[in-house]
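Protein chains: 2
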Amino acid sequence: MKRSMWFLDQKDMPVNWYNIQVDLPEPLPPVLHPGTGKPIGPEDLAPLFPMELIKQEVSTERWIEIPEEIQEIYLTWRPTVLHRAYKLEKALDTPARIYYKYEGTSQAGSHKLNTAVAQAYYNKKEGIKRIATETGAGQWGSALAMGCSFFDVECKVYMVRISHDQKPYRRILMETWGAKCVPSPSPDTNAGREMLKKWPDCPGSLGLAISEAVEDAISRDDTHYSLGSVLNHVLLHQTIIGEETIKQMEMADAYPDIIVGCVGGGSNFGGMILPWMRDKISGKKPDLQIISVEPESCPKMTRGKYAYDFGDVAGMTPLLKMHTLGHTFIPPAIHAGGLRYHGMAPIVSHLNRLGLIEARAVHQTGVFDAAFAFARSEGVISAPETSHAIKVAIDEALKCKESGEAKTILLAHSGHGHFDLTSYSKYLSGEITDYSYPEEEVRKAMEEIPDVASE
Amino acid sequence: MKRSMWFLDQKDMPVNWYNIQVDLPEPLPPVLHPGTGKPIGPEDLAPLFPMELIKQEVSTERWIEIPEEIQEIYLTWRPTVLHRAYKLEKALDTPARIYYKYEGTSQAGSHKLNTAVAQAYYNKKEGIKRIATETGAGQWGSALAMGCSFFDVECKVYMVRISHDQKPYRRILMETWGAKCVPSPSPDTNAGREMLKKWPDCPGSLGLAISEAVEDAISRDDTHYSLGSVLNHVLLHQTIIGEETIKQMEMADAYPDIIVGCVGGGSNFGGMILPWMRDKISGKKPDLQIISVEPESCPKMTRGKYAYDFGDVAGMTPLLKMHTLGHTFIPPAIHAGGLRYHGMAPIVSHLNRLGLIEARAVHQTGVFDAAFAFARSEGVISAPETSHAIKVAIDEALKCKESGEAKTILLAHSGHGHFDLTSYSKYLSGEITDYSYPEEEVRKAMEEIPDVASE
Chain R
39 MKRSMWFLDQ
49 KDMPVNWYNI
59 QVDLPEPLPP
69 VLHPGTGKPI
79 GPEDLAPLFP
89 MELIKQEVST
99 ERWIEIPEEI
109 QEIYLTWRPT
119 VLHRAYKLEK
129 ALDTPARIYY
139 KYEGTSQAGS
149 HKLNTAVAQA
159 YYNKKEGIKR
169 IATETGAGQW
179 GSALAMGCSF
189 FDVECKVYMV
199 RISHDQKPYR
209 RILMETWGAK
219 CVPSPSPDTN
229 AGREMLKKWP
239 DCPGSLGLAI
249 SEAVEDAISR
259 DDTHYSLGSV
269 LNHVLLHQTI
279 IGEETIKQME
289 MADAYPDIIV
299 GCVGGGSNFG
309 GMILPWMRDK
319 ISGKKPDLQI
329 ISVEPESCPK
339 MTRGKYAYDF
349 GDVAGMTPLL
359 KMHTLGHTFI
369 PPAIHAGGLR
379 YHGMAPIVSH
389 LNRLGLIEAR
399 AVHQTGVFDA
409 AFAFARSEGV
419 ISAPETSHAI
429 KVAIDEALKC
439 KESGEAKTIL
449 LAHSGHGHFD
459 LTSYSKYLSG
469 EITDYSYPEE
479 EVRKAMEEIP
489 DVASE
Chain A
39 MKRSMWFLDQ
49 KDMPVNWYNI
59 QVDLPEPLPP
69 VLHPGTGKPI
79 GPEDLAPLFP
89 MELIKQEVST
99 ERWIEIPEEI
109 QEIYLTWRPT
119 VLHRAYKLEK
129 ALDTPARIYY
139 KYEGTSQAGS
149 HKLNTAVAQA
159 YYNKKEGIKR
169 IATETGAGQW
179 GSALAMGCSF
189 FDVECKVYMV
199 RISHDQKPYR
209 RILMETWGAK
219 CVPSPSPDTN
229 AGREMLKKWP
239 DCPGSLGLAI
249 SEAVEDAISR
259 DDTHYSLGSV
269 LNHVLLHQTI
279 IGEETIKQME
289 MADAYPDIIV
299 GCVGGGSNFG
309 GMILPWMRDK
319 ISGKKPDLQI
329 ISVEPESCPK
339 MTRGKYAYDF
349 GDVAGMTPLL
359 KMHTLGHTFI
369 PPAIHAGGLR
379 YHGMAPIVSH
389 LNRLGLIEAR
399 AVHQTGVFDA
409 AFAFARSEGV
419 ISAPETSHAI
429 KVAIDEALKC
439 KESGEAKTIL
449 LAHSGHGHFD
459 LTSYSKYLSG
469 EITDYSYPEE
479 EVRKAMEEIP
489 DVASE
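In the order they appear, the protein sequences are chains R and A.
In this note's numbering, each residue carries its 1-based index in the first sequence increased by 38.
In this note's numbering, each residue carries its 1-based index in the second sequence increased by 38.
No lab work stands behind these hints: they were computed from the structure.
Watch out, some of these pointers could steer you wrong.
Identical chains blur together in the list; that is why a pair holds if it fits in one copy or across any two.
Quick list of in silico lysine to any residue cross-link-like pairs, SDA-like style, CA-CA up to 25 Å [claimed, not checked]:
hint, residue 1, residue 2
1, K167, L394
2, K445, R135
3, K322, R168
4, K285, D50
5, K49, K128
6, K167, L130
7, K76, G353
8, K93, K125
9, K93, R258
10, K343, A290
11, K128, L113
12, K128, F189
Next up, chain R with everything else stripped away, as it sits in the complex:
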């Protein structure tokens, strides 16, 4: 019988996160203060984040030990399983070997729990009683709700309205774990109220929900802010995915030729690829192909500027050097709510700039075709976000079919789509359509990118 799953024993779960900053061929550009245009210091971030996370943001240690309290919770669902997608390979009739690392077995259903638990822990340790955050598709909000429930921290989630309406189960999930969830724009903040005045039916965006959550955190002493992607410490926490996968691919006696992941803010993608990047940077595997996949309708990596920009619509965050479509850009209401973000993690942007990864953009209908091909072969119902990566994994497998090459494709499968079935239903009834690249909206938003010289 062919083995199709590789379990990693719990005693072999990695006990360190990997900090790629130490191994980058060129250092990351600094984060700038929006007022002064100068690099920010730890104290500038202290109203938002606990000091431990701020230190991780700029750490010069290669390995950061995972605290025991976090390991203990990781062990309720980790290590996650590495699968070989034999049935998909057969359905595609490809010589390619497709592996997928599946984060959907976390209680919250995605990779997001890896950092949610860590962030809740460090906040609790610093005496914080309440955390405010935003969520797109709801994966992050429900993960943080659960993370906070483990450490008895209150949680308030601003959920992008279009997703809030598309995915009612996500809200119930957050409430089950004790969090409070409101649709964004909400009447609870200035940023929300202003938007509602201008555009009462605004579908919301991650950038706007971030403004609301940041404002909430700044305005209350007992409250911190928490971000589910983009920042260095978030990608750091996600590296446990890649570290586990390295061990599991070894168990499977395989090494990837291609690694594929979807990108919203870049944390799932980063979590998988950063550990593998060591081999690419060190020259051990220079031709390892690493592909990020984003929606055609929100194509920051393929069409965005590499520039200093805000993380949120209202311009409240520090300035990050990243691929961006402009912080005021509100992406079309695609079903992959988690990918509706104007910017990209500085680390991922930097790697792209250095030519270490390549970026692709795909259309929504192709994404759902891929989701159904996966569901009908492997059985797994994937999140629409993840299905972006599935689409490109299938594309690459089909190229192998043409060329006859038996490439090894590793897919970062970020989570299940059990709460996205409304979208699946729309696909079945032919209601999923493509959105073309919103050229005019992006052009306008690009003009709002602040004029900051890169040193």
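Assemble chain A onto chain R, guided by the hints.
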């Protein structure tokens, strides 16, 4: 770091199902023909089931080899994980040790896939093109939809209407895997049409949906019927759960004092307990406590008759000796749709009769209290059916707290509740209520139990 999950390597997955019939202290009463009152022969069942399954129904082999084609599909999600519920233990402040075997990671979300794959396989092998079935909560229907999609067999599902309306995502799931799903009572069969005439708003019941599916299968040459529980071959396929768990408890260096599982038709419960029953029957562990849990509103094990009765409302099936509330009984519309069945697997009924297991009935509000306690400690969102077992596991753990005993409790966790969040939402808004034992309805239904002498 304390280990909290035990993976069983794929090479150690059991390759045989266990047939308890060989080891029963007394043989099972025969299945009777409803017309003649005599034991049925294989040919009587041939219009409904493939011959291989009919043979398994009365097999005298202790071990039945799992065909390679089925093993291969099992390996896409099996072996499933055994968990230690440390966080729940801590929340309850109990000295008890709680383990749970989690079937929720199957692509269809529950244990049902174990037999769905097997049934689809044997039907396909016999040249059957189409399978009709019923489903309560939708766990079975979606599992069979997926099983059929693996073997390219058409699938038609009659879904109990109350569940169909409560759980729209389940229908989408079935359609995603290519099945057709209609609410039952439906206008597609005589049994459905008759009920709709008498009671247009009928919420449906498993017994009625079975009538529809059986009628569908009988009326078409290319179609067989498939049942997701109750029958011997279904419990047989589920024994892989218990066989895996025995190996995993050994890995954990533990042995259960108490095993708990919920019962609808008895397949999840049977799948877990039958392999353990060997130790109890052989005298190796005579005091092993095995508890079945059912709803107060549908209490066949605790209040039903042990008698020959039909499996369906319309009286189309052979007569099974079992605990029954009467085949015409329509249970109240509790949220655990999978437990709304009037009868109980003959094997489980027989074991109860022999005093080898004990039965408990619990109320719905307590069940949801338990579901929330589990979700807020372990993080896992459980199906309302499963939560019946969680309720009793918690009760037993709390008894240990009082007595100071450190008993080992093994919970059969049959599946996740990702498609049951409407019920969770109702709990949060205080809308979950208890149904008292429907004494009058049961009394009436009991009168309809056919008058058949036991042998």
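So, against the hints stated earlier in the document, which numbers end up violated here? 1, 3, 8 and 10
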